[in-house]
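K.L.:
Make the full structure from the sequences, and use the hints.
Number of protein chains: 2
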Amino acid sequence: MYVILVYDVDQSRTSKMLKKCREYLYWVQNSVFEGEITRADLEMLKMELEEIMDVDEDSVIIYSLRSTKYSSKEILGVEKGGRELII
Amino acid sequence: MYVILVYDVDQSRTSKMLKKCREYLYWVQNSVFEGEITRADLEMLKMELEEIMDVDEDSVIIYSLRSTKYSSKEILGVEKGGRELII
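Here the protein sequences come in this chain order: A and B.
Going by our numbering, the first residue of the first sequence is number 1, and it counts up by one from there.
Going by our numbering, the first residue of the second sequence is number 1, and it counts up by one from there.
Do not take every clue at face value.
Since copy identity is lost for identical chains, a pair holds within one copy or between any two.
[As the list claims (entries may be wrong)] Once the Cα atoms are required to be at most 20 Å apart in a straight line, the calculated EDC-like pairs of lysine to aspartate or glutamate come out as:
| id | residue 1 | residue 2 |
| --- | --- | --- |
| 1 | K69 | D54 |
| 2 | K19 | D8 |
| 3 | K73 | E43 |
| 4 | K80 | D8 |
| 5 | K20 | E74 |
| 6 | K80 | E23 |
| 7 | K73 | E50 |
| 8 | K80 | E57 |
| 9 | K46 | D10 |
| 10 | K69 | D10 |
| 11 | K19 | E48 |
| 12 | K80 | D56 |
| 13 | K73 | E36 |
| 14 | K46 | E74 |
| 15 | K20 | D10 |
| 16 | K20 | E48 |
| 17 | K16 | E57 |
| 18 | K69 | D8 |
What the hints contain is simulated information worked out from the structure, not anything from laboratory work.
These numbers were taken from a predicted model, which means no experiment stands behind them.
P.N.:
Below is the structure:
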């Protein structure tokens, strides 16, 4: 499946979150990641993020798209991510 | 259609961007918005955001979902947005 992941965590945990998300997904913008991921890898990523996060303070939202056939992506301004991924 | 909008702009423009996005969408997390929007309103929002942004420096990504039938949303940690919108 294809996921869009966004996080909002305390600055002290940003670099760890960034590093962890990059192991599984592509960075597209400040605290936003995307990518094709298996269900098993997504479960692993979620567990690993929950170990880094303070679950009483931080927030992660994961949008899962079963198919990218019904979605599109548009960028205004500059593209910040390292890899172009038009879904 | 349903959109997920994320922005990454210079701090000097954050409050204007926030205010403008809130006119059309729901705030769900730091610089992340969601909502059902018409194509015409989305075009209007994009024009208005481009007036606020520095298009050589700032970035906005808009994911448009034709249908929310093929997507799901999951939150880890706390929910920051003001309104629950499970898509």
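K.L.:
Hints first: check each against the structure and report whether it holds.
P.N.:
Hint-by-hint comparison with the structure:
no.: 1; hint: K69 / D54; result: neither (35 Å within a copy, 31 Å between copies)
no.: 2; hint: K19 / D8; result: both (15 Å within a copy, 19 Å between copies)
no.: 3; hint: K73 / E43; result: between (25 Å within a copy, 14 Å between copies)
no.: 4; hint: K80 / D8; result: both (18 Å within a copy, 9 Å between copies)
no.: 5; hint: K20 / E74; result: between (26 Å within a copy, 18 Å between copies)
no.: 6; hint: K80 / E23; result: within (18 Å within a copy, 25 Å between copies)
no.: 7; hint: K73 / E50; result: between (28 Å within a copy, 17 Å between copies)
no.: 8; hint: K80 / E57; result: between (27 Å within a copy, 9 Å between copies)
no.: 9; hint: K46 / D10; result: within (17 Å within a copy, 30 Å between copies)
no.: 10; hint: K69 / D10; result: neither (35 Å within a copy, 33 Å between copies)
no.: 11; hint: K19 / E48; result: within (11 Å within a copy, 34 Å between copies)
no.: 12; hint: K80 / D56; result: between (30 Å within a copy, 11 Å between copies)
no.: 13; hint: K73 / E36; result: both (15 Å within a copy, 16 Å between copies)
no.: 14; hint: K46 / E74; result: between (27 Å within a copy, 10 Å between copies)
no.: 15; hint: K20 / D10; result: within (15 Å within a copy, 25 Å between copies)
no.: 16; hint: K20 / E48; result: within (8 Å within a copy, 35 Å between copies)
no.: 17; hint: K16 / E57; result: within (16 Å within a copy, 25 Å between copies)
no.: 18; hint: K69 / D8; result: neither (28 Å within a copy, 26 Å between copies)
When held up to the earlier numbered hints, the structure conflicts with 1, 10 and 18 and fits the remainder.
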